[in-house]
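Visitor: Listed below, chain by chain, are the residues.
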Amino acid sequence: GDSVTQMEGPVTLSEEAFLTINCTYTATGYPSLFWYVQYPGEGLQLLLKATKADDKGSNKGFEATYRKETTSFHLEKGSVQVSDSAVYFCALGNYGQNFVFGPGTRLSVLP
Amino acid sequence: GAGVSQTPSNKVTEKGKYVELRCDPISGHTALYWYRQSLGQGPEFLIYFQGTGAADDSGLPNDRFFAVRPEGSVSTLKIQRTERGDSAVYLCASSPTGPPSEQFFGPGTRLTVL
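Chains as they are written, first to last, in this note's numbering: chain A, 13 to 123; chain B, 950 to 1063.
It should be emphasised that the hints constitute simulated quantities derived from the structure, not laboratory data.
Some hints here could point you the wrong way.
Said to hold, decoys possible - Short derived list, chain B residues pointing at chain A, Cβ under 7 Å:
1) Glu963
2) Tyr967
3) Gly977
4) Ala980
5) Gly991
6) Phe994
7) Gly1000
8) Asp1006
9) Pro1048
10) Pro1049
11) Phe1054
12) Gly1057
As the list claims (entries may be wrong) - Below, simulated DMTMM-like cross-link-like pairs (lysine to aspartate or glutamate); rule was C-alpha separation at most 20 Å, straight line:
13) Lys960/B with Asp973/B
14) Lys64/A with Asp973/B
15) Lys68/A with Glu54/A
16) Lys68/A with Asp973/B
17) Lys966/B with Glu1051/B
18) Lys72/A with Glu969/B
19) Lys1027/B with Glu969/B
20) Lys89/A with Glu75/A
21) Lys960/B with Glu88/A
22) Lys80/A with Glu28/A
23) Lys89/A with Asp14/A
24) Lys80/A with Glu54/A
What the hints assert, rightly or not - Quick list of the computed label-pair ranges, beta carbon to beta carbon:
25) Pro115/A with Asn959/B: 19 to 29 Å
26) Glu28/A with Ser976/B: 21 to 31 Å
27) Thr979/B with Glu54/A: 21 to 31 Å
28) Thr32/A with Arg1030/B: 17 to 27 Å
29) Asp1012/B with Pro52/A: 28 to 38 Å
30) Gln1029/B with Leu25/A: 41 to 51 Å
As the structure is a computational prediction, the values presented were derived from the model and not from experiment.
Heads up, the beta-carbon is just placed ideally off N, CA and C, and yes, glycines get one too.
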C-alpha cells in the first residue's frame, strides 16, 4: 500500500537558519501530498498541500514542491523562527485509500 | 466558521470500563475520520465514514472498538472493556469529500486508562 517516509528528528536549529525536512512517498496513481503541523498542546493543522506533480504548496514562509520523478515532497523554510517549533507531519491522500501520515519530525528553534 | 470539536478533551477511566468519545465535524463535511495518536508518533488510522456509513473500518484494532455516525454528522467512538494500552490521544478529522481532499482536525481527546 501507500507509504510515507520522513526524516527522523529531532531537528534543532538556531533562529534564522534554513530548514529542510525530507519526505518521500510510495503510492500508486496520483496522490495529493500534505504537510501538517502540530504545535505543543494543539491539534494537527494543515500547513500546505500540493495536488499534482510540480505543484508548489506554500504558507507562512514554508514551501514544498511535489516531485514525481523523485517521489518527494520536502518541506523548506528560508529563515525559521522560535515560533516554528513544532512537530511536522508529511501525509499522502489517494483516491480510494485512506490518508497515510509519516511519523513526524520534531523541530526545535533556539533563539 | 466553527472547526472540528471533540469532547471530552480529557478522559480518565479505569481498566475494564466503557468510554465514548464524541466528534462534531465541520458543517457540511461528508467525510469523517478517527485516528489514534500515541506519544511521539503520527496519527494511526482507525475508521473513515462517508455520510452515515463506515467506508473503511480496517484500522479498528479489535472488536472492543466501534464507531457510529447515525445522521451523517456527529460521530461517537466507543471503546468497551478498556485496557491500559488504549491510552492515547484520539483525533477526529473531517473533510468536504473523501480522499484525497485535505482533512481538518479537532483538538483531540486524551484518553488515560488506569
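Visitor: Tell me, in ascending order, the numbers of any earlier hints that this structure violates.
Guide: Of the numbered hints given earlier, those the structure breaks are 1, 2, 3, 4, 7, 8, 14, 15, 16, 17, 18, 21, 22, 23, 24, 26, 28, listed in rising order.
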